[in-house]
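2 protein chains.
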Amino acid sequence: MEIHFMMKWWGWGDPQKTFPMEDKPNLWSWVCNILALQDKNKISEPVSREQVILPEANINQEFLSEITSKLEANQIYTSDDERLEHAYGKSYADLFYARKGIIKKAPDIIIYPHTHDDVEFIMKSAQAHNVCVIPFGGGTNIVGGVDPRDQTMTAKGMRCIVSLDMKQMDKVISIDTQSQTAIIQAGALGPILESQLCEKGWSLGHYPDSFEFSTLGGWLATRSAGMQSDAYGKIEDMLVSLKMVTPTGTVITRTTPASSAGPDLNRFIVGSEGILGVITEATMRIHKSPEVKDYRGFLFPSFEKGVEAIKECIDKNWIPSMIRLQDEFESQLAFNMKSPKKGFEALIQKQVKKFLLATGYQKPCIMIVGFEGDLKNTQVISQEAVKILKKHRAFSLGKSVGKTWSKDKFNIPYLRDYMMDYAVMVDVAETAAVWSKLLNVYHKTIEEMKKRFAEEDNGTGTGYIGCHISHTYHTGACLYFTYATKQNPNKEMEQYYGYKKLITDTFLKNGATLTHHHAVGYEHSPWMETEVSATGLKALKAVKDVLDPKNICNPGKVLPVEEEMRLGVFGIDAPEAVHQSKSRAKKRSGQVSRNLNENTIS
Amino acid sequence: MEIHFMMKWWGWGDPQKTFPMEDKPNLWSWVCNILALQDKNKISEPVSREQVILPEANINQEFLSEITSKLEANQIYTSDDERLEHAYGKSYADLFYARKGIIKKAPDIIIYPHTHDDVEFIMKSAQAHNVCVIPFGGGTNIVGGVDPRDQTMTAKGMRCIVSLDMKQMDKVISIDTQSQTAIIQAGALGPILESQLCEKGWSLGHYPDSFEFSTLGGWLATRSAGMQSDAYGKIEDMLVSLKMVTPTGTVITRTTPASSAGPDLNRFIVGSEGILGVITEATMRIHKSPEVKDYRGFLFPSFEKGVEAIKECIDKNWIPSMIRLQDEFESQLAFNMKSPKKGFEALIQKQVKKFLLATGYQKPCIMIVGFEGDLKNTQVISQEAVKILKKHRAFSLGKSVGKTWSKDKFNIPYLRDYMMDYAVMVDVAETAAVWSKLLNVYHKTIEEMKKRFAEEDNGTGTGYIGCHISHTYHTGACLYFTYATKQNPNKEMEQYYGYKKLITDTFLKNGATLTHHHAVGYEHSPWMETEVSATGLKALKAVKDVLDPKNICNPGKVLPVEEEMRLGVFGIDAPEAVHQSKSRAKKRSGQVSRNLNENTIS
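Residue numbers (our numbering), protein chains in the order written: chain H, 1 to 602; chain D, 1 to 602.
Next comes chain H alone, as it looks inside the complex (with noise of 0.2 Å):
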């Protein structure tokens, strides 16, 4: 059988699509300068399919001929092709070995369920086989949330790991008009379920940067935010009830608006990232397909300006669907990424820039700003925000900006896979802080992570990091970092490792989330007591092993996993770590550096 892959297994994205450098001629060489790139070939392209070696698969034959006997053979493969596929998720890490070929672990079985059933009588058979069991989305995580990391020895040997891949299960079972409500199976892709709620003139409402290549199973499961989350909540607001199937039962709870029935199990089960069981289906809050779709951009003289133009439309009520402010070093990314202009059109476009420079933006920050919904109430909310925004400097660039950032919002993605074909370390990390935090966390971001690009070890002494505010709310907003520095040749996970500490213990530090919608995975896990308390972590536990008491649900993610902690791969204990003399955070990321080598095939 031909595989289709429907992502590249060693980049993001469609297998047939590059990042469209072409329309944008300013952008590479302004990278090459931004990053003191000297060598301008591609020296790191990723090896040929061929070239990658599979770890031995190791199947459990019991389990296997129960599945086989009871499910189709088009829903059971073990091929290597399928392994791969199903090997990592997104994650830098998981992309810079992919691209070298180098697979540390590999499912052994990928299962495609079609119903609710066929997922509870696998999961019920792999409970009693003692086989782990993965739920697969899009396999978009970017924080480890898919990668196999089962360590746990049985008298027969290392346990047999299936990634449930649940793309199969796609469908909008059912639309309810009058509560606006739809019952959606957890498989299906954002495009698929939009495009059969849209058929009906509905719409879910949630876009987050992975849209193309994300599940609903997947946003649930990892409590996803989408662009316009402003105007239709995180993915966890949107949801109104759904299933689950676990090890020890299915969780089912009640399609009802509201609830003062004890604990909302709803927000047990989001954001478990398959740790307790698997979510089949959904019911989820829809809107009716917006009449209006209005995407404007501004350019403020500073983040601050910027910062103060969105409290003040929160605080007065007129919230567009959309905001999204980038700070001076994303604007400079957006003004690159733009053709030039010619004739006419640059004339004008330089005399603007003669009056903004005259006129205080020496460091123009772009806002994109949406507004969605019913031509009455778009209207009204539009006039009233950009009253405010103006108020606060904004100077209008009109509707095309809002049509560009739309046109290229799932192409950025791509830019990642373009960089690492030259040797460029490239990541995003991302966090929320309440209003009276934001600015600091946002200062003290850029300013430990300028220090560690200027102390590199890779010739350069420089890299790039800007941020956006994406995701606001009444108490405070997201913050979006993205950044890129040459790599550190032999050491990239050193290199890695080491920024991801850096930024996540600056977050900590000063006051900020662990993470806003990335989730935990398991890059994330040995901060989670920091973020929740030791007591917290310990419900969070306490649900897990009561659910799945063998640890066969997608073990070794979200909650820290002993060994890591003892070994400290990623040295943190507390926030203050942060602090650490640099030899002792030089010693730490050695001994990521081993940890992870010893589980390379060399």
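No lab work stands behind these hints, which were simulated from the structure alone.
Copies of one chain are not kept apart here, so a pair can be met inside one copy or by any two copies together.
Mimicking DSS-like on lysine-lysine, the simulated pairs with C-alpha atoms at most 27 Å apart in a straight line are: (1) Lys-437 - Lys-200; (2) Lys-341 - Lys-363; (3) Lys-288 - Lys-305; (4) Lys-399 - Lys-341; (5) Lys-376 - Lys-316; (6) Lys-437 - Lys-171; (7) Lys-40 - Lys-491; (8) Lys-42 - Lys-450; (9) Lys-288 - Lys-391; (10) Lys-200 - Lys-316; (11) Lys-376 - Lys-391; (12) Lys-305 - Lys-437; (13) Lys-387 - Lys-353; (14) Lys-491 - Lys-105; (15) Lys-288 - Lys-390; (16) Lys-305 - Lys-200.
In this text, all values refer to a predicted model and were calculated from it rather than measured experimentally.
Fit chain D to the supplied structure of chain H, relying on the hints for placement.
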């Protein structure tokens, strides 16, 4: 020391206050008529304080001396008055027994912590000495949330029970004006916390019916909803972070506007009703004190028309801060609570009535609509919302009706005491359902209850039931029923639990939730499995077992108690049970009675 009871020990609210019947000359005769009350004398007044007999205190001396060694004398009480004040909540069953002077079980020690550290100390000591701890806020719970229920027998006999009265922890600790959050101690009563916030220009905006006598901690523990929840959300939506002291450690959640760091621990704690520990303080989302408070009354020709109007306001996103739609029966009650007009006003009223009758308002339903906030914002929203209401045949009653409602809004609970003096059983039940099920739940509930009234054994064959919608959501709304009938002499508890069973079964069978904001206590606990599924219940129990392994925290609440289930106290295993034969129902309610009577003091 002179004891000042904050609330009547035998009824609702301020001991100095009774229901203001004097300005409602039509009300009582209307009630007597509706309920077919023959005997219009007070035949069932509460006994005097002297006639109340308290069970002997069961003091754990080791615990008491440990506590006494650290806390001040005015923090620890064992007096009968204090024990009486903390023996019951305010459910009909609670008041029925209290009024007769029957105290089935009372706490043995009452402790008033002053600080978070006090609570940690008390909890540690209670854990060491196996003493039960019941957090007590205002004690207004009407589903048995604060009643001592522990039946655990130890080698030293029954366990000593502490009521932990939080009311001295009543400070707004700090306000973060930028983030619009306040850190508030959990024991602050509604008026106390609002006055501290108001002084600085802020408001929490949470006004449940019990506002005057309930606390922040109680609201959080029961997932309370305030009258303006449409604008400000339920209490869980306002919560940013909190501290909860458990017998095995303190949970501290992170102050962040949003997160994806695992399941949301705040939501493990909100709704836990003291069974996991004691909430000591919380960071809450606050709002600027609203510039405008604009309340208005309307009449609709039917409940259905009112629902249509609400749905269109939500669909078009012009949502008032409060919508309260009363059905025809509750509207009649409201009409009969008004002072009759005189002279010219009476003439006008008569003409209006004539006009309404002629144009299809035979069964008029009152809607109270409120708009709160910024001047410009409320102007726009009210204008658009009122347009929609009028489209659905809303007849404007002007602002005076809003004012009348606002004046009496906290008085309604006093009416229950008034009616109980006349041997009337009166109770409330509330639920929520998605829009597509809402009207069916409404009609089925009215129908079932009227059928039961007709079969009443109290000699009247009749009763009252009315309903209002409050708390609306994108996907549905809350239904709040009030019902009354003459007490069935010597079978008051069979009667009460019979109605509770009937109405709760009707809710669950027709797809509504067990409770929207009254919580579970012990009265609703037998339905928890139906509400959250067996596996869901296992998850809740897991958290309880690990944080409170000795079950010292408010035992017997939220989670169904085995023995009660076995005895069939409420006779519920599944919603189908509502269709059980009448004889079986009788047998079961007989068991209720026997079981309850066993605990009474004869």
